[in-house]
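Chemist: The whole structure should be built from the sequences, with the hints applied where relevant.
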Amino acid sequence: MVPRYTRPEMAAIWAPENRFRIWFEIEALAAEAMAKLGDIPPESARAIRAKGGAKLTAIGPADLERIDAIERETRHDVIAFLTWLAEAIGEDSRFVHLGMTSSDVLDTCFSVQLVQATDILLADVDAVMAALKARAFEHKHTLTIGRSHGIHAEPTSFGLKLAGHYAEFARNRARLVAARAEIATCAISGAVGTFAHLDPSIEAHVAEKLGLSVEPVSTQVIPRDRHAAYFCALGVVATGIERLATEVRHLQRSEVREAEEFFHPGQKGSSAMPHKRNPVLSENLTGLARIVRAAVTPALENVALWHERDISHSSVERAIAPDATVTLDFALARLAGMMEKLTIYPERMEANLGSLGGVVHSGEVLLALARAGILREDAYRIVQRSAMATWTQLGQPGGRDFRANLEADPEVAGRVPPALLDAAMESRQHLRQLDAIYSRVFGEPGPAA
Numbered sequence: 377m378v379p380r381y382t383r384p385e386m387a388a389i390w391a392p393e394n395r396f397r398i399w400f401e402i403e404a405l406a407a408e409a410m411a412k413l414g415d416i417p418p419e420s421a422r423a424i425r426a427k428g429g430a431k432l433t434a435i436g437p438a439d440l441e442r443i444d445a446i447e448r449e450t451r452h453d454v455i456a457f458l459t460w461l462a463e464a465i466g467e468d469s470r471f472v473h474l475g476m477t478s479s480d481v482l483d484t485c486f487s488v489q490l491v492q493a494t495d496i497l498l499a500d501v502d503a504v505m506a507a508l509k510a511r512a513f514e515h516k517h518t519l520t521i522g523r524s525h526g527i528h529a530e531p532t533s534f535g536l537k538l539a540g541h542y543a544e545f546a547r548n549r550a551r552l553v554a555a556r557a558e559i560a561t562c563a564i565s566g567a568v569g570t571f572a573h574l575d576p577s578i579e580a581h582v583a584e585k586l587g588l589s590v591e592p593v594s595t596q597v598i599p600r601d602r603h604a605a606y607f608c609a610l611g612v613v614a615t616g617i618e619r620l621a622t623e624v625r626h627l628q629r630s631e632v633r634e635a636e637e638f639f640h641p642g643q644k645g646s647s648a649m650p651h652k653r654n655p656v657l658s659e660n661l662t663g664l665a666r667i668v669r670a671a672v673t674p675a676l677e678n679v680a681l682w683h684e685r686d687i688s689h690s691s692v693e694r695a696i697a698p699d700a701t702v703t704l705d706f707a708l709a710r711l712a713g714m715m716e717k718l719t720i721y722p723e724r725m726e727a728n729l730g731s732l733g734g735v736v737h738s739g740e741v742l743l744a745l746a747r748a749g750i751l752r753e754d755a756y757r758i759v760q761r762s763a764m765a766t767w768t769q770l771g772q773p774g775g776r777d778f779r780a781n782l783e784a785d786p787e788v789a790g791r792v793p794p795a796l797l798d799a800a801m802e803s804r805q806h807l808r809q810l811d812a813i814y815s816r817v818f819g820e821p822g823p824a825a
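Here the sequence shown is numbered in the numbering used here, starting from 377 and rising by one per residue.
Since the hints were made in silico from the structure, they are not lab data.
Warning: the hint list may mix true and false statements.
Stated by the list, open to error - For lysine to any residue, the following SDA-like pairs were computed, each having C-alpha atoms within a straight-line distance of at most 25 angstroms:
no., residue 1, residue 2
1, Lys652, Glu726
2, Lys537, Lys412
3, Lys644, Gly663
4, Lys412, Pro576
5, Lys427, Gly587
6, Lys537, Phe818
To be verified - Cβ pair distances, simulated, as ranges:
no., residue 1, residue 2, range
7, His640, Ala780, 17 to 25 angstroms
8, Arg808, His640, 56 to 64 angstroms
9, Pro641, Glu802, 15 to 23 angstroms
10, Glu787, Glu659, 28 to 36 angstroms
The C-beta atom is built at its ideal place from N, Cα and C for all residues, glycine as well.
Modeler: Below, the structure is given as structure tokens:
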């Protein structure tokens, strides 16, 4: 975790204090279930809860150092924790971790942490969606040019562009919900998953209290296909961030300048060029998305563990889980703020829309000629001829716009009523289905024109 890209709430999930509190909760819940079965004395389960709970509530730097010191000797993190815990609990500590294996604690804790992280990410996505919806409604009727291959295509609405990103984040939200459900699983099943020294009801009790489901078949670990799916979902969310950030970067280019990141008073864009207003936030988001996606391949490679378990996944997860969730949390929060304050220039959109002399209406003119009785193949040839003439004459003395070139074409003159060309050259006709699209996306048509 890089402090520059870390928010406190998400960082706290991966702090050792939180991890040890979850470990203790798993052990205490297991002891409670064992007491109900008669496997251990009820008073011992109560002592574990009371003494251990008090110790974990007050855990501080000295305790963390003590656990680290034990681990340096034992070379085993769970044993180090249990040894430290036994020092606080005393004689009843002999009933802690009874019949369990380290992965029962580690994997179940990992599930809890990923659930906690996902709840923050879901709130982050909600904030992004709220910002996108507000701006999509604000600019529902703001005309802009749609681009394909980076080239002017046909008129569209800037609000509709944002609505598309809103719909993508709605899908991303559903992916996170599904990933959360898949990862929210518990395994308290012993060394190789056979419950050799445990009753399955212990696992069920721990799972219920932690808000998890039970793993149908665990080995020594929870199967890593669940984790692979989880990190793949994070990667897709990150790519959605990058797609929107890339759009902003293109729109902020000096030649386009249809939108730009908010430039704060006192902000500076370059140490050498005082005029610079760079898209630093969206560029930053592009880079952060790469970091999140970097977790996907290692998570997939963690699936193929040896037999009932090897430890090759552990080092990977210690790195990618905090890094991916912390980075994605920061990126989503940054994206929400960026979109809330995004500066939008409708006048530049209008200027760019007309900058190619009207050729962006070629598709509508093609249909107008067909409606006037010209065969489609002939109509295409006629329209392309006028469009190419307009394109090559742009900015040249005597160059004609698309409409003038069409009207000068002998195959158009006298055959196509001017009213048809008038309608074909009207940009706002491209927005006539916005209410239907907005109703699909937002469940309401949004503001009227």
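Chemist: So, for every hint listed, does it hold in this structure?
Modeler: Tested hints:
no., hint, in the structure
1, Lys652 / Glu726, "holds, 24 angstroms"
2, Lys537 / Lys412, "violated, 58 angstroms"
3, Lys644 / Gly663, "holds, 21 angstroms"
4, Lys412 / Pro576, "holds, 13 angstroms"
5, Lys427 / Gly587, "holds, 24 angstroms"
6, Lys537 / Phe818, "holds, 14 angstroms"
7, His640 / Ala780: 17 to 25 angstroms, "violated, 46 angstroms"
8, Arg808 / His640: 56 to 64 angstroms, "violated, 39 angstroms"
9, Pro641 / Glu802: 15 to 23 angstroms, "violated, 41 angstroms"
10, Glu787 / Glu659: 28 to 36 angstroms, "violated, 49 angstroms"
The structure fails to meet hints 2, 7, 8, 9 and 10 from the earlier list, while all remaining hints are met.
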